[in-house]
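We have chain U already, so just place chain L on it with the hints.
These protein sequences, in sequence, are chains U and L. Everything in the first sequence is counted per this note's numbering, starting at 51 for the first residue and increasing by one. Everything in the second sequence is counted per this note's numbering, starting at 51 for the first residue and increasing by one.
It is worth saying that the hints were derived from the structure and are not from the lab. Hints are not guaranteed to be accurate.
Because identical chains cannot be distinguished in the list, a pair is counted as satisfied if it fits within a single copy or across any two copies.
[Claimed, not checked] No farther apart than 30 Å at their CA atoms in a straight line, the calculated lysine-lysine pairs in the DSS-like style are these:
(1) Lys-266 with Lys-465
(2) Lys-69 with Lys-331
(3) Lys-266 with Lys-110
(4) Lys-110 with Lys-394
(5) Lys-343 with Lys-394
(6) Lys-394 with Lys-465
(7) Lys-110 with Lys-465
(8) Lys-69 with Lys-394
(9) Lys-465 with Lys-294
(10) Lys-343 with Lys-69
(11) Lys-266 with Lys-394
(12) Lys-110 with Lys-294
There are 2 protein chains.
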Amino acid sequence: MLDQVQNDDVTAVMREIGKRARAAAHALAIAPTAVKNRALHAMANAIEADSDDILAANRKDVAAARENGISGAFINRLELDAAGIAAIAEGIRAIAALDDPIGDTIAEWDRPNGLTISRVRTPLGVIGVIYESRPNVTADAGALCLKAGNAVILRGGSDSARSARAIHTALKAGLAEAGLPEDAIQIVPTTDRAAVGEMLAGLSGNIDVIVPRGGKSLVARVQSEARVPVFAHLEGLCHIYVDKSADLDMARAIVVNAKMRRTGICGAAETLLIDRAAAEKFATPLIEALEDKGCLVRVDHDMIDYARGRDEADDTDWTTEYLDAIISVKLVDGISGAIEHIGKYSSHHTEAVIAEDHEVVARFFNEIDSAILLHNASTQFADGGEFGMGAEIGIATGKMHARGPVGVEQLTSFKYLVRGTGQTRT
Amino acid sequence: MLDQVQNDDVTAVMREIGKRARAAAHALAIAPTAVKNRALHAMANAIEADSDDILAANRKDVAAARENGISGAFINRLELDAAGIAAIAEGIRAIAALDDPIGDTIAEWDRPNGLTISRVRTPLGVIGVIYESRPNVTADAGALCLKAGNAVILRGGSDSARSARAIHTALKAGLAEAGLPEDAIQIVPTTDRAAVGEMLAGLSGNIDVIVPRGGKSLVARVQSEARVPVFAHLEGLCHIYVDKSADLDMARAIVVNAKMRRTGICGAAETLLIDRAAAEKFATPLIEALEDKGCLVRVDHDMIDYARGRDEADDTDWTTEYLDAIISVKLVDGISGAIEHIGKYSSHHTEAVIAEDHEVVARFFNEIDSAILLHNASTQFADGGEFGMGAEIGIATGKMHARGPVGVEQLTSFKYLVRGTGQTRT
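Bound-form chain U, shown alone (with noise of 0.2 Å):
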């Protein structure tokens, strides 16, 4: 009902929208740092001039979601108030406040023959986000897109269709205003799920990377389907190893946080591995502290004698996300065994170790291949704002080009420019 096409008609308007943000890209590629700026600034006005429009149109959207029986944490997610707008436009300004990677020199050397060779900072070209039902990921992904050069198409999920696009207008406005052409932040306007297969097919090469943001499910379609790269997480099994040598006061504060600081996000711990040589002096108390904060906790089987009365683990629970207040447990032997344990298990995201010993540290940094590695700090740092890049587009476990949290600058590529004198090669 919501939908402005026939279904018919998708893959012709969804061709036409990637030509379209090809020629947009061209454009936002050599935009001035300073006229980029002046868009985004002109995008907060407007999200907050707009912003009963917004409101009325984010109102429609809950109501309709009630009507389909939904309810909870999707209805959080999905609404917004006052303060919400506020915080979109804020987020809009924090983005025009960042430094413009575009053009950035990231190595220059020169050559004996007197080439000097300079790799610099370019836009990827055109990005496609596919969301689910915040309609501020409409804001955020399309200025921080905007910000590297980059045009972006949006396809948010149809529960929050209505608010993405009065978010959409007020976008557009601002880009009008800078002189940035419109297409630079397009949204899908069909909620036609056809769409989201003509994206991951690439757009006949009008789309350089997929983002998706939302649940495990979402994601798998688009890392099974993509036919073009794609900056994911499927799922955040965090791990914490505790070490013999660890500080038990460190360990408690560490532990607690990094599970129930927000049980819900990718760097939540799921699995903490306790060093079997100190299972004495760490297992009763990290247990009861995470229960004093009310954890679940689930304990394999040979760890049974520190934590009496509690439900046992099975085998499925070290491939549990839980992003809940529940925790598995287990012992290990040494560093060693941690490593071997998350080597298994790891979805790649974010592991930490509580040490005091240098060597095990070492090991753990050496040895596993996660994309954010902790000493003695909770795995709920990992997050782009809390690396100081700004804003984050989501947090990618490939090893292809981004890694970690995605911001402004995994957003780009780069090319060589060569400055001679007229050489020739022999």
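Same frame as chain U, now just chain L:
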């Protein structure tokens, strides 16, 4: 006839190769630099020690190819002699001499909460290399991947299968001598084309990137069918733009070198663009200089006054990578015209501008999006060795991860190491 496996076993054999490669990659990822270099030196020594076997195998390949009616450049690429063997061994030693990128800190910064974040290089994982007749690729690719801590699966052409296997035997001896897993460098034991299909499908997640080395039809197949990232260029349709501000002598030397030094390489110039405002000054001298070196010149209709009697270029010339002593020449309306033509026809590989006007150079560098842009230098410098990267496994025109020459550094990923003192997130 050379195949060691039956056709119907190809899937099973390839999956097993993938698993072994992944296991080897885990071992290589933590192999110390000294061990990797010891393996490389042992490989080079083994290549020299086995030179009789390698040359005998190569003679059989060459004889079989001739029996199949193959001749000319193909045989040239296939045929090895004692100097070729020495060059392979020296190539491996040169890779041993390169800095090890693994573990390098690319960036490091502190956060206000006391966390220190560093970004360090890690191996990519498993590289699949699909190549044609050059036997040296077996050694070059194997050594380069090893240096960056990656396992490699090599699939050479059937015409060079005996040579590749003989070289591979030497590489395995080197790995064994250093105590590294022989599966670090595997060669596909069948010439069944289905094996390529299995590699392009990613071997159940056990290939991280594919590098095709060969002609356009091989690269095209890989690019269209691969379900994993590809580092490649389909073609090098390289342009030179001579601005009215150019120095004539410099332009002449560079244009002749860019086209004629070696006509069959991807960095050879294919189209010469001349500023219409200085056609009188440049057109005839540049055309005559090219013709003096034996180049066939195909000129655009509107410059026929400067090139009477030459072939007229048609629309197909602007999209043709001749890889031969042929060049297309066109007048354009200054730097804007050059940017427009290159934007329309470029393969995004390498382009050069010859100019003394810095505004012109700045626009060329800023507005053209190719992997390599040169000012007052020959396009034939588009090469990892010339860039000072040591060996290269190819040149990529994609914008994801690697772009331009793909050397040892481009075969790496990275991870974030975060060092704390007990930080938790508020």
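Cross-check of the supplied hints:
no. : hint                 : in the structure
1   : Lys-266 with Lys-465 : between (35 Å within a copy, 23 Å between copies)
2   : Lys-69 with Lys-331  : neither (63 Å within a copy, 40 Å between copies)
3   : Lys-266 with Lys-110 : within (27 Å within a copy, 54 Å between copies)
4   : Lys-110 with Lys-394 : neither (46 Å within a copy, 46 Å between copies)
5   : Lys-343 with Lys-394 : within (29 Å within a copy, 62 Å between copies)
6   : Lys-394 with Lys-465 : between (38 Å within a copy, 18 Å between copies)
7   : Lys-110 with Lys-465 : neither (46 Å within a copy, 43 Å between copies)
8   : Lys-69 with Lys-394  : between (43 Å within a copy, 14 Å between copies)
9   : Lys-465 with Lys-294 : between (48 Å within a copy, 25 Å between copies)
10  : Lys-343 with Lys-69  : neither (53 Å within a copy, 43 Å between copies)
11  : Lys-266 with Lys-394 : within (20 Å within a copy, 40 Å between copies)
12  : Lys-110 with Lys-294 : neither (55 Å within a copy, 62 Å between copies)
In terms of the numbered hints stated before, the structure departs from hints 2, 4, 7, 10 and 12, listed from lowest to highest.
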